[in-house]
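Asks: Chain by chain, the residues run as shown.
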Amino acid sequence: MPTPSFDTIIIGAGLNGLACAGRLAQGGAKVLVLEAADQPGGGALTAEFAPGYRVDRLAHLVTHLDGRMLSALKPEAHGLNWAVKSMPTTVLSAEGRHLTLTGAYGASAPGLDPREARRWADLRARLLRHAEVLRPLREITPPLPGKGGAKGNVVALGKAGLALRRLGREEMQEFLRMILINVHDVTEESLTDDRLRGLLAFDATLGAFLGPRSPNSLFLLWHRLSGDAGHIRWPSGGMGALAAAVTRAVEATGAEIRCKARVERLLTDGDRITGVRLEGGEEITVSRVISTINPRTTLLDLLGAREIDTGLVRRVSNIRMRGTTAKLHLALREAPEFLGADLRHRLVIAPSSEAVELAFNAVKYGEFSAEPVMEIMSPSAHEAGFAPEGHHVLSIVAQYVPFVRRGGWDAGARDGLKAAIMARLEAHAPGIGALVTASELLATPDIADRHGLVGGSWHQGDLAVEQMLFMRPAIGIARYATPVPGLWLAGAGSHPGGGISGAAGWNAANEILGAA
Amino acid sequence: MKDTAASTVPGPSSRTWDAVVVGAGHNGLVAASYLARSGLDVLVVEKNEWIGGAAVSRELHPGVTYSNCSYVFSLFRPEIMRDLDLPAHGLQVLPYESGAVFKRDGGYVAMYRDHEATRREFARHSPRDAESYDRYSRDIMRYCRFIRPLLMRTPPDPASFKLRDMSEMAYLARHFLALGSEDAAEMVRFWTMSISDFLDEYFENEAIKSYLAVSSIIGTALGPMSPGTAYVLLHHYMGDVDGNIGAWGYARGGMGAVTKALASSFLAAGGTIRENAPVARIKVREGRAEGVVLEDGEEIRARRVISSMDVKRTFLGCMDPSDVPAPFLEKVRNFKSRGSSGKLNIALDGVPEFTALPEGSPCIQGDLHFTDTLERMERAYDEWKIGRWSSDPFQDTMIPTLTDPTMAPPGQHFMSCFVQYCPPRLEGGREWTENDRDAFGKAVLDQIEDYAPGFKNRVLHVEVRTPRELEAEVGLTDGNIFQGELTFDQLLFNRPVPGYAQYRGPVDELWMCGSSTHPGGGVMGAPGRNAAAEILRGMKAGTTKKTEMRDAYPVI
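Top to bottom, those sequences are chains A and B.
When we follow the numbering used here, the leftmost residue of the first sequence carries the number 3, and every step to the right adds one.
When we follow the numbering used here, the leftmost residue of the second sequence carries the number 6, and every step to the right adds one.
Looking at chain A on its own, in the form it has when it is part of the complex (with noise of 0.2 angstroms):
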C-alpha cells in the first residue's frame, strides 16, 4: 500500500531516530518513523519489571543530551523536566570510607585529603579541557583524512584545531601525549586514593570492552565528559518519560511516528532506494531510508550483501560489537544501607584501578566476573511512581559480563552471575539480600534480545578509538551517507556514538538537508 505523503522513513525511534526526524521535518521533509517496539524510545524506556516496581530498563543516566536538539525541539515545553541536573557520585567503600564527588565531575570532593584534593583539581581541570577540544567535533559530519575529507566542516574542525591551539603550549603537548594513552597509567601518575583511581577507571571503560590498562582508554573518559562537562542528569518519571517528552516534541513537527511497524527488508530498484517492506508485508514507497538501527543488521540484513560491494561487506562484519555489560533490577520492602551512602547519588562499585582490570580479565575469555564492578542507581529514592511507598528500586550496571560465554548461557550462568552481583552489594550493604522481593537479570544476551543490540553492544558498535569518527561505523559509511544513494545510516553506530544523546541522528539530518 503506497503511501505519497511521505518522503523520508526513519527507521528506529530512539533518540537519535527522533532527533533525526524532529530536524529534518522543521527542515520541510515529510517524515514516517517506524518502529518495532509497541512504544518510541529504543534505549530511554521505563518499564514495569515487578508489580508495582519500574525502572529503567536500559540506560539509567543522561551524560550528553544534544544541545542543539533541545532549543530547537523544545522538549521541555513538551513535559520534559529535570529530577537531578547534577548527580553527585559515591563511590562505595566496604568499610564505609565512601568517597563523594558533586558538581560537574568532581568540581568538589570534600572526602579527599587536602593534597590529593589538589591533584585532583589539577587532573579534573585538565581532563575537562583536553575534553573540551573534543566537544566541537561531537556536532558535525566526521572529516575524512585526505583530500577533501573536511569538506562542509572546515568551520567545526578550525573550532577544534582552534581549541587545541588555544590551550597553549604546554597543555597542547599534553593533549597530545594523553590522546591514546591508558586511563590506569593516568591515574597512576596524578593520583594515589584509589577510590579515585577506581573511579576514573570505571567510566573510562563503562560500556567499552577495554580495561584501564588497555590503551586509548583515557579518550572514552574525554569523550564522556565532552558531552555534558561531566554532569549527570536524571528526567523526571524516568528515561521512559524522556522519550516521551521527546516523542510529543517531534510529532509536533509534523512527523508521524508509527510503532509495532517492524522493518523487513529495506526495497531497491537497479541500485537505489525506493522504499520498506515491513513484516506482514506492507510496503511504503518513499525516496530516502535513514536507519537509526545497527549499521549491521542495516546493511547485510536488511539490504543484503549482495547490494554493496565486498570490500564494504568486510568492514560492516568487522565492525566490533561487544557488549560487556549486564543490568540488574532488583525491587526491596525497603531502603538498602550502603554503610550510610546516599541513595540518591550514583553509587559506584570499583574500589581502585586494579580492581576494574582484574574484572576486565575475565571477558577476554568469555567469562564473566567474579568480582564485577558497577554503578548503582536508586530512581525510587528520587520520585515516588517506582515502588509502592517504602519500597524501593535499585537499576544496577554492570560489569563485564561477555556477550558470547563460554559454555553458554543456561540458567546457571545467569544464577552465578546474579549471585557475583549480589555478592559484591552484600559486602557494600549487608543484608541487601534479605531486602529483594522481586529481581530481574539482564545477562548481556538478553539485552541484545530485547532491544535488538547485535552483541548486546549498547552503542551498535563498540566504542573505542580505532571504531571512532571516520572510522565509525566503519571506513566508507562514517559520513552518515552509504554507497546506496537515498539510504542513510544515523543511528548510534554511527558518529559520535551512542549515550542518551540524539547527536547522530541531528548529525546525519544535517548532513541530509545539505545544511552541514
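In case anyone wonders, no lab produced these hints; they're calculated from the structure.
Check before you lean on any hint, since a few could be wrong.
Pairwise CB distance ranges (calculated) [stated by the list, open to error]:
1. A557(B) - D448(A): 36 to 46 angstroms
2. M171(B) - G410(A): 50 to 60 angstroms
3. R140(B) - V438(A): 45 to 55 angstroms
4. R147(B) - A79(A): 45 to 55 angstroms
5. E172(A) - R129(B): 54 to 64 angstroms
6. G435(A) - E432(B): 28 to 38 angstroms
7. E173(A) - T438(B): 42 to 52 angstroms
8. G368(A) - R129(B): 22 to 32 angstroms
Reference listing, derived: stretches of chain A covered by chain B, where coverage requires no fewer than 3 residues with Cβ under 8 angstroms from a Cβ of chain B [said to hold, decoys possible]:
9. 181-191
10. 330-341
11. 467-477
List of simulated lysine to aspartate or glutamate pairs, EDC-like, C-alpha gap at most 16 angstroms [as the list claims (entries may be wrong)]:
12. K288(B) - D513(B)
13. K52(B) - E280(B)
14. K341(B) - E190(A)
15. K390(B) - E356(A)
16. K390(B) - E190(A)
17. K341(B) - E172(A)
18. K108(B) - E211(B)
19. K390(B) - E432(B)
On a predicted model such as this, the values are computed, not experimentally measured, just so you know.
Heads up, the beta-carbon is just placed ideally off N, CA and C, and yes, glycines get one too.
With the hints as your guide, set chain B onto chain A.
Replies: Same frame as chain A, now just chain B:
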C-alpha cells in the same frame, strides 16, 4: 676489543673533548661514529668492562658465545651500515629462513621467508587463512612503506610555531594525505587497534594468529588484546635484511658483532673508547653541560655530553636535580619503562629434538614458539599485570649456531630464549631474589622440555635474565628492553617526553641518543644517527668535516 683505555687517553684534567658519549651500546657508538667522522674529538665512556650495551656477545660457558640480550638482526638501518662502512669492519648478516609455532596437540605451523611456501603451509591448516595471507601481507607492507621514511627524521614539535617544526608537520601531513582518504583511514585504524582484533579480520586459525602476533608483544607490557599492539608489530616488521623487508637474520658471531663493527669504525675515524668508566654524574654549569664525573671521582670535560642511557637513568640517576627544570623531571618520572621481558641463554651439548618437527625440517633454524593461542599469550600478560612471571610463558626461541657455527665448538650450540612476560618487581612491589630468578628459569626450561623431551639433559649452562639483571648489567631502567614502552604516548613527538623529542636535553649541550628517543628501541641505530644529525646541524659551518649521512631509503 682492542685496549684503548691505557694507551690513548691523556691525564684527566689536560683535555676537553668535543663530545663525550655516555654508553657504548649501538646507539652511543652510532652517534659517536658520525661525530668522529665529522672531525670531532669524541670519547665514549662505558661502565662495563666490555662494550655493546644490549647488543653484546659474551662467552659465559667455555667456547660458547651468547647474544646475551638482543639476539636477532633486522631493524638496524642499512643506511647507517653503509655510512659507517660496517661490513668492512667485520659485520656480516646471515638471514634465517623460517620458524614454527608448536601446537599443544603435537602439530606445528611453520613460516618461511618465501611467501608462497608460507601460503602453502597455512593452507594445510586453513584454506581461508592461506587466501587471507596475501591480503594481510599486502596491507602490512603498505603500512611499513609509510612508516620507514619517518624513522630517520627528527620529529617536529606540533605545539611549536618554529618554521622548522611547522614545515616538518607539513611534510608529515603531505606524506599522510598522499595515501588517499580510505588508506589513510585504514592506517589510523591499524595504529589504534589490537593485534588480536586486527588478525581476527584476516585469519581463523589460532596457531597462525599466535605466530603472526609474536612481533606485537615482544618487549611490550601489553597483551595481544591491548589496543596499540598492531603498531608494535609494525615496529618489528619494518626492518630488512639486504632489502628483504620484514626479514630477520643473525649477526655472525652474535649481536656483539654489531657493536664490535661500530667500535672498529669509530676507532678508525679517530674516536676513543674507555671501558670500566661508569658515569656518576653529568656536570652542568650555568645551564650548560660541561662533562661527566666518573664514579671514582675523575672528571672528564667536554663541550657536549651525549647520553645513550635511557632518560630515567640519565636525568633521575646521573644528574643533580637542581640542574634540571622541575617540570621536565616530572615528565621523566612519568615516562613508562616497565620491563616485561626475560631471557635465557643456554649452552647446549647437541640439538634438541622437537617432536612436532619432521626430520630435517628447516624450521629448527628459525624462531620457535610454544604458544599456540592468543588466549595463552593474553593470560601470560594477565600474570605480569599482577606482578608475576608468566607460568605458561611466551617464548621466542632460536638456535643461532645452526646458522652461524662460529659461536660454539663443534657439536655444541647456543640457544637464545626470549621470554614474555617477566615483571620488573614481583607482587606487592617485592624485589626479585635468586630463588625467584631460578624458578622463572625453570618455568621456561620446563616448557621447552615439554616439546623437546630430553632437552634438559643437553643443557651445559644457563644464563637467566630477568628485568633485574638487565637493569643491573645493561643499565636499562626496570629492564625495559626498548628504554621505554612503545605506546603512542611515548612515540614520535612524545618520545621521550613532549617538547623534548629533538634529541636535546633540558640543559644546553646535553643530548640524548638512546632508544628512549625517536624512533625507539630495537637494534636500529636510528636514534643515534638522528641525534648526531641534530648535533651537527647546530654546529657552525666550517667547524666540521662533511661526512656521509644518507637519508632513509624508500621501500620499493
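Asks: Run the structure past the numbered hints and jot down the numbers of the failing ones, going up.
Replies: Going through the list in order, the structure violates hints 1, 10 and 17 and respects the others.
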